[in-house]
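Enquirer: Residue numbers (our numbering), protein chains in the order written: chain A, -1 to 114; chain B, 3 to 115.
Hints are computed from structural coordinates only; laboratory data are not their basis. A hint or two may mislead.
Each pair of labels, with its calculated beta carbon distance range [claimed, not checked]:
1. A/A0 <-> B/N69: 24 to 30 Å
2. B/E12 <-> A/T30: 22 to 28 Å
3. B/A18 <-> A/H5: 16 to 22 Å
4. B/R110 <-> A/K53: 19 to 25 Å
5. A/A70 <-> B/T7: 21 to 27 Å
6. B/M13 <-> A/E57: 46 to 52 Å
7. A/K62 <-> B/D28: 27 to 33 Å
8. B/R65 <-> A/V1: 21 to 27 Å
9. A/K53 <-> B/E31: 24 to 30 Å
10. A/S71 <-> B/K57: 18 to 24 Å
Glycine is no exception: its CB is placed at the ideal position from the N, C-alpha and C atoms.
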Amino acid sequence: GAVVSQHPSRVICKSGTSVKIECRSLDFQATTMFWYRQFPKQSLMLMATSNEGSKATYEQGVEKDKFLINHASLTLSTLTVTSAHPEDSSFYICSARGQRNTGELFFGEGSRLTVL
Amino acid sequence: AQTVTQSQPEMSVQEAETVTLSCTYDTSESNYYLFWYKQPPSRQMILVIRQEAYKQQNATENRFSVNFQKAAKSFSLKISDSQLGDTAMYFCAFLNRDDKIIFGKGTRLHILP
């Protein structure tokens, strides 16, 4: 199956700093990627849809200026958490749709962000 | 609004037993995809099985099979001959016409030795 790689897997930062998380599709081109947030023992919450070459589409309640998404190429989307605060600590997961229109999503390994 | 409901927050079964995880969903669409994803302790999301709504035949992948009841909007997952490695969080998911996947709250499954 298709491979999606996410980096870093774990990051710890100080409050007020910005953190960038990368999501790469390794063996296919992904025009659309999705970013999710997952709180402990909860489901995945869709944050935004990242579209190559255009602005991301954010879900209701997600701060665009807090969570900057860039999809500059067909294989890379980045999520930048700006001016991070402890409440931004969470598990962030990206996914990409495969080229075949089967609806299947391929997920990255996830990134655990801890803001001190 | 489209919703996915998993009514069993947590389940435990003995190794080698069969277990069924329930899932219901609500939609007015006639064609869509349904999925079961597994999230083990590593937290990597893994696709278990996929069902296309226009196909009446229930999908099967080795020990995993679904009971898809379109009229009842039900999509349960059966795991046969359960193994310790099946211990994970299982999410039922629905792909809507906007190309977004909606996840249920999940069922935490424990396979006991």
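Enquirer: So, for every hint listed, does it hold in this structure?
Expert: So, going through the hints one by one against the coordinates:
At about 28 Å, the CB distance of A/A0 to B/N69 agrees with the hint of 24 to 30 Å. At roughly 33 Å, the beta-carbon separation of B/E12 and A/T30 lies outside the given 22 to 28 Å, and the hint is violated. A hinted range of 16 to 22 Å for the beta carbons of B/A18 and A/H5 is inconsistent with their spacing of about 39 Å. The hinted window of 19 to 25 Å between B/R110 and A/K53 is violated, with their beta carbons roughly 37 Å apart.
The hint said 21 to 27 Å for the Cβ distance between A/A70 and B/T7, and at roughly 38 Å that hint is violated. With their beta carbons about 30 Å apart, B/M13 and A/E57 fall outside the hinted range of 46 to 52 Å. Restraint check, A/K62 to B/D28: a C-beta distance of roughly 29 Å satisfies the suggested window 27 to 33 Å. For B/R65 and A/V1, the Cβ-Cβ distance of about 24 Å falls inside the hinted range of 21 to 27 Å, so the restraint holds.
Range check, A/K53 to B/E31: Cβ separation about 27 Å, and the 24 to 30 Å hint holds. A hinted range of 18 to 24 Å is violated for the C-beta pair A/S71 and B/K57, which are about 35 Å apart.
Going down the numbered hints, you'll see the structure goes against 2, 3, 4, 5, 6, 10, while the others check out.
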